[in-house]
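Colleague: Each chain, written out:
There are 2 protein chains.
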Amino acid sequence: MDQSYRIDCLQYANWSEAIFRQFREGGLDAVHVTVTYHENFRETVHIMEKWNRWFERFPELIFQGRTGDDVRKAREIGKTAVFFGFQNPSAIEADIGLVEILHTLGARFMQLTYNNQSLLATGCYEAEDPGVTRMGRQVIKEMNRVGLVVDMSHSAERSTLEAIEISGRPIAITHANPASWHPAFRNKSDDVLRALGQSGGMLGFSTYPHHLHGKSDCTLESFCEMIARTADLMGPERIGIGTDLCTDQPDSVVEWMRVGRWTKEIDYGEGSKSDAGFPPMPNWFRDSRDFDQIEAGLRAVGMNETNIAGVMGNNWLRFFDEQFQPA
Amino acid sequence: MDQSYRIDCLQYANWSEAIFRQFREGGLDAVHVTVTYHENFRETVHIMEKWNRWFERFPELIFQGRTGDDVRKAREIGKTAVFFGFQNPSAIEADIGLVEILHTLGARFMQLTYNNQSLLATGCYEAEDPGVTRMGRQVIKEMNRVGLVVDMSHSAERSTLEAIEISGRPIAITHANPASWHPAFRNKSDDVLRALGQSGGMLGFSTYPHHLHGKSDCTLESFCEMIARTADLMGPERIGIGTDLCTDQPDSVVEWMRVGRWTKEIDYGEGSKSDAGFPPMPNWFRDSRDFDQIEAGLRAVGMNETNIAGVMGNNWLRFFDEQFQPA
Chain A
1 MDQSYRIDCL
11 QYANWSEAIF
21 RQFREGGLDA
31 VHVTVTYHEN
41 FRETVHIMEK
51 WNRWFERFPE
61 LIFQGRTGDD
71 VRKAREIGKT
81 AVFFGFQNPS
91 AIEADIGLVE
101 ILHTLGARFM
111 QLTYNNQSLL
121 ATGCYEAEDP
131 GVTRMGRQVI
141 KEMNRVGLVV
151 DMSHSAERST
161 LEAIEISGRP
171 IAITHANPAS
181 WHPAFRNKSD
191 DVLRALGQSG
201 GMLGFSTYPH
211 HLHGKSDCTL
221 ESFCEMIART
231 ADLMGPERIG
241 IGTDLCTDQP
251 DSVVEWMRVG
261 RWTKEIDYGE
271 GSKSDAGFPP
281 MPNWFRDSRD
291 FDQIEAGLRA
301 VGMNETNIAG
311 VMGNNWLRFF
321 DEQFQPA
Chain B
1001 MDQSYRIDCL
1011 QYANWSEAIF
1021 RQFREGGLDA
1031 VHVTVTYHEN
1041 FRETVHIMEK
1051 WNRWFERFPE
1061 LIFQGRTGDD
1071 VRKAREIGKT
1081 AVFFGFQNPS
1091 AIEADIGLVE
1101 ILHTLGARFM
1111 QLTYNNQSLL
1121 ATGCYEAEDP
1131 GVTRMGRQVI
1141 KEMNRVGLVV
1151 DMSHSAERST
1161 LEAIEISGRP
1171 IAITHANPAS
1181 WHPAFRNKSD
1191 DVLRALGQSG
1201 GMLGFSTYPH
1211 HLHGKSDCTL
1221 ESFCEMIART
1231 ADLMGPERIG
1241 IGTDLCTDQP
1251 DSVVEWMRVG
1261 RWTKEIDYGE
1271 GSKSDAGFPP
1281 MPNWFRDSRD
1291 FDQIEAGLRA
1301 VGMNETNIAG
1311 VMGNNWLRFF
1321 DEQFQPA
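The listed protein sequences correspond, in order, to chains A and B.
Each residue of the first sequence is one higher than the one before, counting from 1 in the working numbering.
Each residue of the second sequence is one higher than the one before, counting from 1001 in the working numbering.
Only chain A is shown next, with the shape it has when bound in the complex (with noise of 0.2 Å):
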């Protein structure tokens, strides 16, 4: 790839125009956001009309992206394609031909859980982890038929290693790091990191603090350096940024991620009841107009521009190119 393109492959911002200006002010050529996190197939459809009408309203700055061409059209145009995800398979219900229908309707990566049980599959704080379910396996194939991609950053350690081995198509995790630089439930092991760099597979890198070394106080040369560990251990090709920003969001979101419906309690999550809402941004890192502090910070660290154009970018857009499209 001659050009350098630049891609967050996760953001759930409250979205507004001063956000998709960030967008432009980053230079993102393409933003993978959440739809979703708890929300069933009608009000994940409700959510999309929302973006119908954003795309509507600002068209100038942002478009719906559904392959890796529009991320080169962005480019070429000035704007910032906007993909669709979901961090929980809440919307397909209980219903395996909604893979597809939402796949038309622009949906590209789906977490076959979040943090708890799925129909699918076990999240990552779940206190017993029996992997793939009966379900998850048809969902999988019928995920990898129609190009919607398998995305695993809240899932546990065993079914992430199943769904790498099941898929037929390599999978993602949008976003998370390695456990090895930062113990979170969230982050991953280095056996899921290798054998998902092995399969093809991608992971973006997180900067929501919980994720990071010494949290919101993370330096970005401890960050750089971390990815330029994760590159020797998954390949250069393998990685990518998804910083996971929620720009604007108040607290009650966190909560609404956390708890959604499951439970009448509270549940922290990666904070606590005196930690209970979003952490304050690193200083090198506040939202997507930063994305050239963490290109200067890989230079900084020694790594060689292609793998630097890699990680901004380019390897997610192979990876669309490659993922986006029926098998």
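Since the hints were made in silico from the structure, they are not lab data.
Computed from a predicted structure; not experimentally measured.
Among these hints, one or two may not hold up.
[Said to hold, decoys possible] Straight-line C-alpha distance at most 27 Å; calculated DSS-like pairs for lysine-lysine: (1) A:Lys73 with A:Lys50; (2) B:Lys1273 with B:Lys1215; (3) A:Lys141 with B:Lys1050; (4) B:Lys1073 with A:Lys73; (5) A:Lys50 with B:Lys1141; (6) A:Lys273 with A:Lys215; (7) B:Lys1050 with B:Lys1073.
Since the structure of chain A is provided, determine the placement of chain B on it from the hints.
Modeller: Coordinates of chain B only, in the frame set by chain A:
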């Protein structure tokens, strides 16, 4: 157009491999199929899921059509392109955002009303016709924007004339005949047909016996003479075929069409208590296999070859080219 395409712009058969083979035997490059009568959004999506399974099971016979070029592709590869439509706006419920969602899923025609009053306009069986409603005006504008064609086949006179007037793009009456030939509620006045033709809209001629002069005993000659006269009234570019074929449907389906869930009493629609089911088809048109008969009939009444090609499919194809894309 050098090629002569063949399009049936309305069927609601009891879909099966046998019927898809009839499409091919009849040389149909495209069929507009009714997806729903009274179904809500979720039920409509479920029927689209069934179509996805048929597309997957019979890829050598059918595929989903979305644009006029899909009709050309169908001819080239020897398959039939299937276009979705609704006979009732129940699929959008009371949510204008579903217009774009359903267009993305492939809907290309939507009737503003079936036989009754809807949220959008008035059906042909109501005693009063107050015209297009407030929501109807908004939805027509949205349908115009996304490229979902307004279909007034089952609508009352004033609502139909207003829809032609209000719509910024030409509309269709996919399946009906002139009332001057056979005065059924569902057939259309010369005023409506003239306004439709002048606005660039399209009429599809129905072979449903209740719409035919002499019903099941209607002759091919009478049908084709009526087409020739309508060409004079509307213009030979404004007419095509929309058979309203319900091949292999049990009589319970005609009851569902007429009664839906809106009444606990039986409504006989165009039938009667003693003639409640599907009437027998005329002997010259059993089903999709008999399109050659219509073509020969048009030749026999002296229509020229260009106009015959227009009626058999080229006029619908031009309309598809112009009307299925966003404004």
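Colleague: For every hint, state whether the structure bears it out.
Modeller: Hint check results:
1. A:Lys73 with A:Lys50: holds, 23 Å
2. B:Lys1273 with B:Lys1215: Roughly 17 Å separates the two Cα atoms, so the pair holds.
3. A:Lys141 with B:Lys1050: Roughly 18 Å separates the two Cα atoms, so the pair holds.
4. B:Lys1073 with A:Lys73: Given that 27 Å is the threshold and the Cα spacing comes to 25 Å, the pair holds.
5. A:Lys50 with B:Lys1141: Holds, at roughly 18 Å.
6. A:Lys273 with A:Lys215: holds, 17 Å
7. B:Lys1050 with B:Lys1073: holds, 23 Å
Comparing the model with each numbered hint stated earlier shows that all of them hold.
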